[in-house]
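Everything in the sequence shown is counted per this note's numbering, starting at 608 for the first residue and increasing by one.
It is worth saying that the hints were derived from the structure and are not from the lab. Treat the hints with caution; some may be incorrect.
[To be verified] Here are the simulated DSS-like cross-link-like pairs (lysine-lysine), alpha carbons at most 25 Å apart as the crow flies:
| no. | residue 1 | residue 2 |
| --- | --- | --- |
| 1 | K712 | K776 |
| 2 | K723 | K746 |
| 3 | K746 | K780 |
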Amino acid sequence: MGKANAFRQFYTQTRQRRDLEAALKTYQLAIQLAEKMRRSYQSAGAKLFFTENYYAVYEQAIQTAQELYQLTQKPDYQNLIFDFYEKSRAASLSDIVRDTDLKPKTINAALLAQEKGLYQQITGLQAAIKRSDSTTAVKVKAQLVDKEIELDRLTKRFERDFPAYYQLKYDTKTASATTIQQQLLSPDAALIQYFLTSTQLYILVLTREHSKVVVQPIDSTFRQTVSKFRELLSLNPGSKVYDGNAYSSTLYSKLIAPVLPFISTKKRLIIVRDAELNYLPFEVLAAKPNDYLLKRYAISYAYSVGLLMNLSSPKSSNNRLSIAPFAGNISQKATFRGAPLVPLPASEEEVKQIGGDVYLEKEATKKRFLEQYREHGIIHFATHALTDDKDPMRSFVAFYPDGQEYRLFTNELYDLDLKEAQLVVLSACETGAGRLQRGEGVMSLARAFAYAGAQSVATTLWNANDEATAYISTHFHEYINDGLSLDEALQRAKLDFLKSDLGRRYDHPYYWANMVLIGRTDPISVGTSWWWFVVGGLILVLGVGGLLKYRGTTQKSQLR
608 MGKANAFRQF YTQTRQRRDL EAALKTYQLA IQLAEKMRRS YQSAGAKLFF
658 TENYYAVYEQ AIQTAQELYQ LTQKPDYQNL IFDFYEKSRA ASLSDIVRDT
708 DLKPKTINAA LLAQEKGLYQ QITGLQAAIK RSDSTTAVKV KAQLVDKEIE
758 LDRLTKRFER DFPAYYQLKY DTKTASATTI QQQLLSPDAA LIQYFLTSTQ
808 LYILVLTREH SKVVVQPIDS TFRQTVSKFR ELLSLNPGSK VYDGNAYSST
858 LYSKLIAPVL PFISTKKRLI IVRDAELNYL PFEVLAAKPN DYLLKRYAIS
908 YAYSVGLLMN LSSPKSSNNR LSIAPFAGNI SQKATFRGAP LVPLPASEEE
958 VKQIGGDVYL EKEATKKRFL EQYREHGIIH FATHALTDDK DPMRSFVAFY
1008 PDGQEYRLFT NELYDLDLKE AQLVVLSACE TGAGRLQRGE GVMSLARAFA
1058 YAGAQSVATT LWNANDEATA YISTHFHEYI NDGLSLDEAL QRAKLDFLKS
1108 DLGRRYDHPY YWANMVLIGR TDPISVGTSW WWFVVGGLIL VLGVGGLLKY
1158 RGTTQKSQLR
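Put together the whole structure using the sequences plus the hints.
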């Protein structure tokens, strides 16, 4: 970094392009070295710490490549910007997901079973420390260190004894812009990626036809606008009229208007956000009141493009697991933010309409979920959840409080095997919220499910209204059954809500804009089997013309 910065200083004095080119080459070497160093770390925490400390090299490299592009107009420099950007996105998460895919292909099953056992023991000891008194905690911490050392030795053995694994693990190549255009983007889709510095907003847009980097000047007021708009969206408005049009229009002019010439004919957007933009649902941006992006585009989000392209496709399965622990009254003592867990009356009808293996109230336990989740391609939670901004490992999804530990914490989620899960729906409070980690995104429950291998996660950015979320969730699943891509299914569900009586009653983006889709958008094959025809025949015999959706409008709305 010091050497590269010195070359940049020379350039300010000499204005010789060769000095700027030397700086860029030095940044490239720094990034190559940093990539190999990060991948050598074993724990997710170490990777995150390291990434945070060398993140500035990406900012400098992107700025230098952009300056050289402006001087030369050579597309190679814009290609380098795409490469630097992709390397800076969710690197730690990508490492874990990629590693999970590589190991079964290159390492024998017995050693992988040993590794899995160590991870489970470490998770158990971490949980035990939180439950123990100070004296016991010291002993448990010593046991934890022993297990972590044992895991580290095993990982080093993987690299030493399995050269194919070593070679693939440290392969730092990223997909080129051309590869992304050809393999990821359909003719009706555009990829928009954002990168924020203190003074500039970089917008990288890719379609089948175009590859472009647009640079917008920004100052502190831009970030203030993002923060104020997020606060306005995420606070329950009660009876207040929506007054976010000015914020929405301002952000639209910065984030969308500059790339409109490239996306105006598209129907689907894949968005990779940066910094504070990770908290923003782009669906609610509008050039003029009520003209939401939602009405023009099916929008999905990604932690990184490389992660999207590297995810291995699981077996297509529409087999659902639907969980609603708080559909009725809760007699046991359990708390949520220090208050008793409240019932979610709309969640019962929600999961019944979604179908599959449905578990309500005392049947919806953590134990049952852990026993059954591997057998399902779609997992739907209609429950409470808590995000802990200070300690992301203390965030959890809540199950029925049956006297056992009813919370599924983030570190436990990391140990799940969700490679066969095509979609996880977190119909609960703020499951996409959490502490912001530069380059990695938000350290949320949604990220933990992606870490465990889920292909796609539908998650919430702030507190979920019980009725509105149930309506959108059930329509989302109906459109999935119709064979729509996941992004279009969620778009249609939200548009249905806006047109409904419920949407007119809850006329504010707070109620519909909080649920977003992260990950792959491929349609999920429903498939057919003989029992569907039996059920259909019975329905006809009984003279039932259709299934009417009923939502209790008199029930009090609750927060999840």
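Checked hints:
1. K712 <-> K776: Status holds; Cα separation ~12 Å.
2. K723 <-> K746: Status holds; Cα separation ~23 Å.
3. K746 <-> K780: violated (43 Å)
Hint check: a violation occurs at hint 3 only; the rest are consistent with the structure.
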